[in-house]
Amino acid sequence: MKRHPRTLAILLFVSALVACAATATTEPTATTEPTTTTEPTTTMTTPLDQVSALANPYNVALFMNERSDRYVNVNFELPTADGGLVEWRPASDPEAVAVAAAALKTTAVGRRTVHGYAATIGPLEAGTAYEYRVRSVDSSETDEWRRYVCPAAEPAEFSFAFFADPQENDQLGYMAFAHAFLSASAFSETEIDFGIFVGDVVNDHDDRTQWNNFLRYASVFAFATPIAMTIGNHEHGAVSEDRMAAMEYDAYTHLPANGPIYEPFVELTDDRRPADVDDGKTYSFDYGGVHFVAIDTEIFCDGTTACAAYDHRNAQILADWLIADLTAAAADRIIVFMHRGPYSATYDSANVRTTLPAIFEAFGVDLVLSGHDHQYSRAIYRQDASVPFGRANAYPLGTVTLLGSIEDAHFNDYPSSIGPTYLVGNTAGTKFYDAGDASGIDLQYVYGGNDPVIPIVTVTAEAIEVVSYVILKDNPIDIVPVGVDVLERFVIR
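Residues in the sequence shown are numbered consecutively from 165, following this note's numbering.
Watch out, some of these pointers could steer you wrong.
Computed spacing ranges between beta-carbons, pair by pair [unchecked claim]:
id, residue 1, residue 2, range
1, Thr-270, Ser-303, 19 to 27 Å
2, Asn-557, Thr-277, 23 to 31 Å
3, Leu-566, Glu-289, 47 to 55 Å
Don't read these hints as lab results, they were simulated from the structure. Predicted model only: the values in this text are computed from it and were never measured. No residue lacks a Cβ here, since even glycine has one placed at the ideal position from N, Cα and C.
Whole structure, please, built from the sequences with the hints as guidance.
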């Protein structure tokens with residue numbers, strides 16, 4: 165998986181730029197201080213200014229809670245083992261509530277040791293603005309106050325961004341990821357309510373520098389906007405005892421733990437996955453009348469592309485959990501997200517395809533989001549056959565194959581009853597694969613260009629509307645793009 169080399173000129177330029185960025189944190193203050201949030205000391209005139217000034221010394225991020233209407237999760241780290249706290253309060257109230265954080269993991273980093281913590285803020289009132297900050301018990305380490313608005317009880321509409329495989333291994337790549345998001349956000353004029361990552365947010369699961377960079381540059385929205393995420397092969401990989409002990413995904417995320425509990429993993433050699441391995445990886449939550457399900461597709465694989473060997477018994481436990489979860493779901497619409505998709509251009513994840521699509525179809529899943537592929541594609545499948553369309557909008561980029569016309573359906577505007585939509589992201593970062601249909605799977609639309617794509621999904625009372633924004637660059641590794649355009653737009657009624 166080769167990357168494009170960074171040029172010395174870019175390294176020198178950005179290193180100097182970052183060195184000048186503000187990184188100071190707010191001094192500890194009393195919990196009854198007047199309600200204020202920290203404002204930038206200088207005016208940010210460009211997205212590059214904003215990206216260069218990002219700082220997240222405590223790796224703070226908000227994560228989706230199972231009860232998104234009343235609670236939000238917070239994850240952070242401190243250089244002390246004495247304990248962590250999260251203080252929170254309504255923006256109109258100077259009195260703060262202190263919540264003791266649970267210790268997640270202690271990790272040696274060179275001569276230092278860092279300690280991960282997690283807490284939950286709530287119960288919250290719908291539509292109300294809150295402030296929160298993290299600190300050590302003795303206040304020797306204190307972050308600044310940050311702002312979060314609890315979603316409305318019944319929002320008329322909401323939007324989220326879909327991020328596939330940032331998977332960077334250096335600071336410049338994550339800067340490019342943050343800049344791509346700001347570019348898409350500004351061009352779309354859409355304020356997202358949360359972000360969905362479908363795995364491979366880092367390239368090396370146990371490289372703390374990559375996690376630090378991811379959280380630093382994800383803070384472009386993740387201080388105020390929760391993350392929903394599931395695991396990819398680059399965060400998981402092998403199933404050995406050493407790999408399980410070193411897995412950093414659990415130390416850096418705080419997501420619902422309402423997924424399946426497995427039997428002992430015995431079908432693969434030296435498989436040391438615990439029964440609760442899918443806490444925060446396979447789970448579900450409701451948001452704005454939509455049921456969301458995250459699925460850990462590594463359960464179906466042994467770390468190889470073909471997934472030739474895997475634990476069949478526990479894969480069935482996951483499938484049974486999914487059936488029970490969708491049976492109990494009260495929402496009219498269902499969106500599922502995972503790392504390895506069943507229908508994509510680069511990889512053929514056969515075990516995923518033979519297990520999950522029949523369940524999605526039986527329960528009327530509307531939209532399935534996945535990554536892993538590093539090529540953008542969209543397909544609508546029913547009974548393991550690609551649905552033919554007779555009409556489509558003009559596509560200046562990518563390749564459209566309508567596969568005939570046995571149904572009078574429009575590829576950019578169709579009812580959900582026609583079959584689940586499978587949307588595969590290429591990457592939100594800088595790592596791309598060569599265009600081409602290596603998997604041999606029929607796909608109605610494929611874009612294999614070396615430009616990041618960030619779809620923004622808006623759910624209204626009538627439809628799920630997806631607009632995929634392509635961030636145009638002269639060179640894939642450039643931080644600053646030359647422009648933004650709409651790659652495609654489609655509506656699921």
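Each hint tested on the structure:
1. Between Thr-270 and Ser-303 the C-beta distance comes to about 21 Å, which sits within the given range of 19 to 27 Å.
2. Between Asn-557 and Thr-277 the CB atoms are about 55 Å apart, so this pair departs from the stated range of 23 to 31 Å.
3. Our hint of 47 to 55 Å for Leu-566 and Glu-289 holds, since their Cβ atoms are close to 49 Å apart.
Checked against the numbered hints given earlier, this structure breaks only hint 2.
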